[in-house]
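**Q** Chain residues, written in single-letter form:
2 protein chains.
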Amino acid sequence: MVDLDEFTVTNAALEQMANTANPRLKQIMAAAVRHMHEFVREVNLTPEEWIQGLQFLTAIGQACTPIRQEFILLSDVLGVSAVVNALHDKKAKELGSQSSLLGPFFREGAPVMPMGAQIVEKPTEEELVIHGTVSDTLGAPLANALIQVWQTSERGLYDLQERNGESMDMRGNFRTGPDGRYHFRTLRPKGYSIPMDGPAGALVQAQGRHGMRPSHVHMLIGAEGHRELVTALYFGDDDYIESDTVFGVSQSLVVAVKDDPDSPMQGYRAVRYDFKLGKADPGESGRVGADPTTFMNKAAE
Amino acid sequence: MVDLDEFTVTNAALEQMANTANPRLKQIMAAAVRHMHEFVREVNLTPEEWIQGLQFLTAIGQACTPIRQEFILLSDVLGVSAVVNALHDKKAKELGSQSSLLGPFFREGAPVMPMGAQIVEKPTEEELVIHGTVSDTLGAPLANALIQVWQTSERGLYDLQERNGESMDMRGNFRTGPDGRYHFRTLRPKGYSIPMDGPAGALVQAQGRHGMRPSHVHMLIGAEGHRELVTALYFGDDDYIESDTVFGVSQSLVVAVKDDPDSPMQGYRAVRYDFKLGKADPGESGRVGADPTTFMNKAAE
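Those protein sequence lines, which keep their order, are chains C and V.
Using the numbering used here, count along the first sequence one by one with no gaps and you end on 301.
Using the numbering used here, count along the second sequence one by one with no gaps and you end on 301.
To be clear, the hints were calculated from the coordinates, so they are not data collected in a lab.
Don't be surprised by glycine CBs; every beta carbon is placed ideally from N, CA and C.
The reader is advised that the hints may include incorrect statements.
[To be verified] In silico DSBU-like cross-links for lysine-lysine, where the CA-CA straight-line distance does not exceed 35 Å:
#1 90(V) to 190(V)
#2 26(C) to 90(V)
#3 90(C) to 26(V)
#4 26(C) to 122(V)
#5 26(V) to 122(V)
#6 190(C) to 279(C)
#7 190(V) to 26(C)
#8 190(C) to 122(C)
#9 190(C) to 26(V)
#10 279(C) to 258(C)
[Unchecked claim] Label pairs and their calculated CB-CB ranges:
#11 107(V) to 155(C): 52 to 58 Å
#12 202(C) to 256(V): 48 to 54 Å
#13 143(V) to 196(C): 27 to 33 Å
All chains, please: the whole structure from these sequences, using the hints.
**A** As structure tokens, then:
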């Protein structure tokens with residue numbers, strides 16, 4: 001009989017899992033076990049800390065509801081989601097525009113609007129134009145691509161948070177023209193705090209972090225035969241552009257508001273962004289996360 | 001601006017956590033983040049697998065109730081609890097008997113019984129004697145040490161499972177005599193399956209594992225000024241002695257049933273075990289796990 005100590009128990013666990021029928025599950029769980037054991041040994045985790053950790057994870061699980069996914073939030077604030085996204089993005093980087101986190105506030109079924117429409121019901125601040133092209137990776141324009149846009153209000157809240165989502169506001173879907181061009185109007189969204197009223201927020205507070213995301217506009221872009229692109233544009237002059245709590249900002253997605261003689265709607269300052277979509281592999285989805293409607297976040301206080 | 005990729009995001013996350021006020025939390029979370037990121041990179045986790053993993057962890061959290069702790073069970077079957085226990089045990093090994101997992105079936109307030117009593121209400125099989133001494137690490141007997149014993153029935157079920165815990169059965173508390181000696185009677189307990197009706201059990205099944213623990217008798221031993229010892233004695237001829245699903249067996253805790261001329265109760269076969277307790281550090285608890293009454297496991301079907 002092999003006597004198990006803090007090292008030999010790792011191989012014993014891997015041996016017990018060696019008959020896993022699904023080879024990918026076997027590979028993933030073997031790596032998970034090795035890393036968890038190594039983590040425990042590295043920090044010399046005490047029984048009291050172990051139980052505290054399990055109680056924390058239990059609280060994360062129990063904070064999840066049909067409209068709140070606290071485990072995704074935890075994964076986001078620990079940078080795990082960003083690592084998954086970056087790995088997934090490697091191919092996209094070669095083949096198209098960079099992606100960013102989907103986040104919990106996407107909604108299916110936002111209204112399809114005519115080009116140039118204002119997505120904010122009652123604009124109270126300076127209106128901006130966002131415009132550009134959607135093309136394939138060789139630069140050929142993609143006509144009739146669907147661009148789904150969603151963002152916070154000038155107060156930093158999504159429609160789901162401001163009015164429990166009664167109306168679809170600060171959202172709009174647009175179709176590119178035959179030249180692959182798009183444009184719409186919006187207000188500059190405000191950055192916001194992640195939900196701080198659950199266990200993930202409590203951790204972020206204990207870590208002395210601000211919990212803020214910089215101002216951004218989400219976009220989900222799809223075109224027949226191409227890789228669906230989940231991304232967002234980030235405003236470069238935001239105070240939190242260098243310290244996004246969920247590590248979603250990429251250099252290539254940072255934009256500036258400018259006077260733009262090329263904007264199709266003059267009289268407004270503008271943001272220009274040209275998207276490139278890679279060809280889809282058969283059966284491939286470019287979307288980060290499964291059905292996002294199940295992860296919508298509860299209205300924040 | 002540093003552009004984050006699947007590697008640089010790790011340092012970005014560690015930097016954001018650098019102001020954590022509690023140094024131990026900072027150390028633990030930094031190691032957790034490094035290992036989680038490395039795990040994701042190592043297996044090249046896809047967005048679909050990431051969401052499946054988070055859904056699994058959510059289900060584990062939501063399976064927890066006041067009488068069922070599925071995260072402890074998950075930690076147990078992945079060997080994480082055993083690593084924590086082994087690390088904690090390093091000191092105990094030098095200073096006293098080895099410990100084992102507390103498990104979810106301990107109950108406070110079992111009856112104190114006279115030495116030699118039978119802990120099973122209605123014994124239907126061969127009665128055994130378990131006897132020995134409790135001493136300090138120099139061999140000096142510890143009088144009036146409290147030995148709390150609990151085990152399954154000959155059917156492999158704890159009282160909490162067989163009759164929802166209506167009565168305290170297959171449990172008993174004993175005090176050592178002035179010579180540090182103890183003895184009591186019991187039946188040989190049966191090994192059993194961990195609860196297989198939740199997400200942790202589903203994982204164990206997907207891994208092609210039997211889910212069984214070998215036959216064992218739990219003991220929790222305390223004496224004034226000494227380290228509380230959570231341990232268990234394992235029957236060496238059990239089919240599962242080499243493949244305990246929760247990795248709780250240690251060589252030094254394996255026992256055999258014998259004819260024993262030194263047993264204080266002749267006419268029964270006996271198991272002998274001499275326990276040694278280390279001196280307690282001030283404020284130290286030797287118990288693995290916090291208040292165990294919150295982790296009691298629900299009655300199995």
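**Q** Against each hint, give a clear statement of whether it holds in the structure.
**A** Outcome of the hint check:
1. Pair hint residue 90(V) plus residue 190(V) holds up; C-alpha atoms about 29 Å apart against a cutoff of 35 Å.
2. Restraint check: the Cα-Cα separation between residue 26(C) and residue 90(V) comes to about 31 Å, which is no more than 35 Å; the hinted pair holds.
3. For the hint linking residue 90(C) to residue 26(V), the alpha-carbon distance of about 31 Å falls within 35 Å, and the restraint holds.
4. For the proposed pair residue 26(C) and residue 122(V), the alpha carbon gap of about 45 Å is over 35 Å, so the pair is violated.
5. Between residue 26(V) and residue 122(V), the direct Cα distance comes to roughly 53 Å. Violation of the 35 Å bound is thereby established for this hinted pair.
6. A threshold of 35 Å between alpha carbons decides the hint, and for residue 190(C) with residue 279(C) the separation of about 33 Å falls inside it, so the pair holds.
7. The suggested pairing of residue 190(V) with residue 26(C) holds, with an alpha-carbon distance near 30 Å, which does not exceed 35 Å.
8. For the hint pairing residue 190(C) with residue 122(C), the CA-to-CA distance comes to about 16 Å; that is within 35 Å, so the pair holds.
9. For a cut-off of 35 Å, the pair hint linking residue 190(C) to residue 26(V) stands: about 30 Å separates their Cα positions.
10. About 32 Å separates the Cα atoms of residue 279(C) and residue 258(C), which keeps this hinted pair within 35 Å; it holds.
11. At roughly 53 Å, the beta carbons of residue 107(V) and residue 155(C) sit within the given window of 52 to 58 Å.
12. The beta-carbon spacing between residue 202(C) and residue 256(V), approximately 50 Å, falls within the hinted interval of 48 to 54 Å.
13. Evaluation of the 27 to 33 Å hint for residue 143(V) and residue 196(C) yields a failure: the beta carbon distance comes to about 55 Å.
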